[in-house]
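Construct the complete structure from the given sequences, taking the supplied hints into account.
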Amino acid sequence: MNEFNFKSLGETIRSIIVKLEITQKELADGICSQSQISKIEKGEISPYIDTLLKIALKLGINPNYFINIIKKEQYEFITNSKNKVREYTKKKDYLEVKRLVTILEKHQAFKNLEEKQFICWHKGIYLYYLEKDSSKALEKLEEALNLKNSIQATDQDIQIMNSIGIILGEENQWEQAKMAFFHAVQIFKDSLSPMDITILVKLYYNLSKVFYKLQQSKEALEITNKGIELAIENESNYLLGELLYQKGLILADTGDISKGLDYLHQASSIFTIYKNEKYLNITQDKILLYRKDSYLQKVENIY
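Numbered per the working numbering, the sequence shown spans residues 25 to 327.
Misleading hints may appear alongside valid ones.
[Said to hold, decoys possible] Estimated spans, in silico, between C-beta atoms of each pair:
#  : residue 1 : residue 2 : range
1  : T222      : Q58       : 36 to 46 Å
2  : E50       : D157      : 50 to 60 Å
3  : D179      : K283      : 26 to 36 Å
4  : Y89       : Q308      : 38 to 48 Å
5  : E120      : K43       : 25 to 35 Å
6  : Y89       : D157      : 36 to 46 Å
7  : F101      : S158      : 30 to 40 Å
8  : I73       : D157      : 42 to 52 Å
9  : I69       : K299      : 43 to 53 Å
10 : N92       : K237      : 37 to 47 Å
[As the list claims (entries may be wrong)] Within a straight-line C-alpha distance of at most 20 Å, the following computed SDA-like cross-link-like pairs (lysine to any residue) qualify:
#  : residue 1 : residue 2
11 : K316      : D277
12 : K78       : R38
13 : K122      : E166
14 : K302      : T113
15 : K108      : Y118
16 : K95       : K135
17 : K115      : T103
18 : K95       : Y72
19 : K172      : H207
20 : K108      : H131
21 : K66       : A80
22 : K115      : Y262
23 : K43       : L76
24 : K108      : I127
25 : K250      : D214
26 : K135      : Y99
27 : K156      : Q200
28 : K116      : Y298
29 : K122      : K156
Just so you know, the hints here were simulated from the structure itself, not pulled from any lab data. Yeah, the Cβ is synthetic: ideal placement off N, Cα and C, and Gly gets one too.
Put into structure tokens, the structure is as follows:
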């Protein structure tokens, strides 16, 4: 590790100390000497891992934050840049994704293997949506999966697998998409380290959609329920509206229109709260459609 990284760590610790309005002596108490804290702040020494952990705990900071600052130069820049690319990917603004990726690929901060994998991953995404070339896109995503030096799969690896499944689905290769999502779910569950639970929620949602397209309603409903339960257990609203919508759709299409409408109304409420106009409109259209179907069924039963 080079001097720059430890200087960044020291500057970060100093900034937190100032914001918390505590002294070096107060931070050092029960951990190390005040002079050691001073040297850490100046980037003159590298702290022992147990010292760094104790400092992080005392400051109320996730230790991984400090470790990443040590490991990666310009950590804040990398994190913010990645978040921006993910934001535009979520918005489906693939021209902006391409523009950002092209710039970041040349930046020195993105020469680490993890960042190279991130760039390659998003190249695969914009290649598909801008050039409509699924073969080239999938080839690029497989290349991204091979850009790693860890034995276990990382969060980023599993998200790349998710992207592969999505593109296979877009190409109506539903069985291959199902296998891709199942594989990603299994790797997530087998991981020995904690992972971002929203990734598993996303995989369940996408897998449910595949089962729905394959007209395997029982399996689709089972996977949807797993996603809903996982989101609720973790007090997360991530994709909860979409999962409730999916459950309503499955129930209504399999004949239980009343229950299906209940879940569609729940989804509508979430989309309203989060001002998700696109999904709100889609959900409300479905509610009107199933209400009409329900009414026609009642009329038929009368006669």
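Quiz item: For which of the previously enumerated hints does the structure constitute a violation, in increasing order of number?
Solution: none
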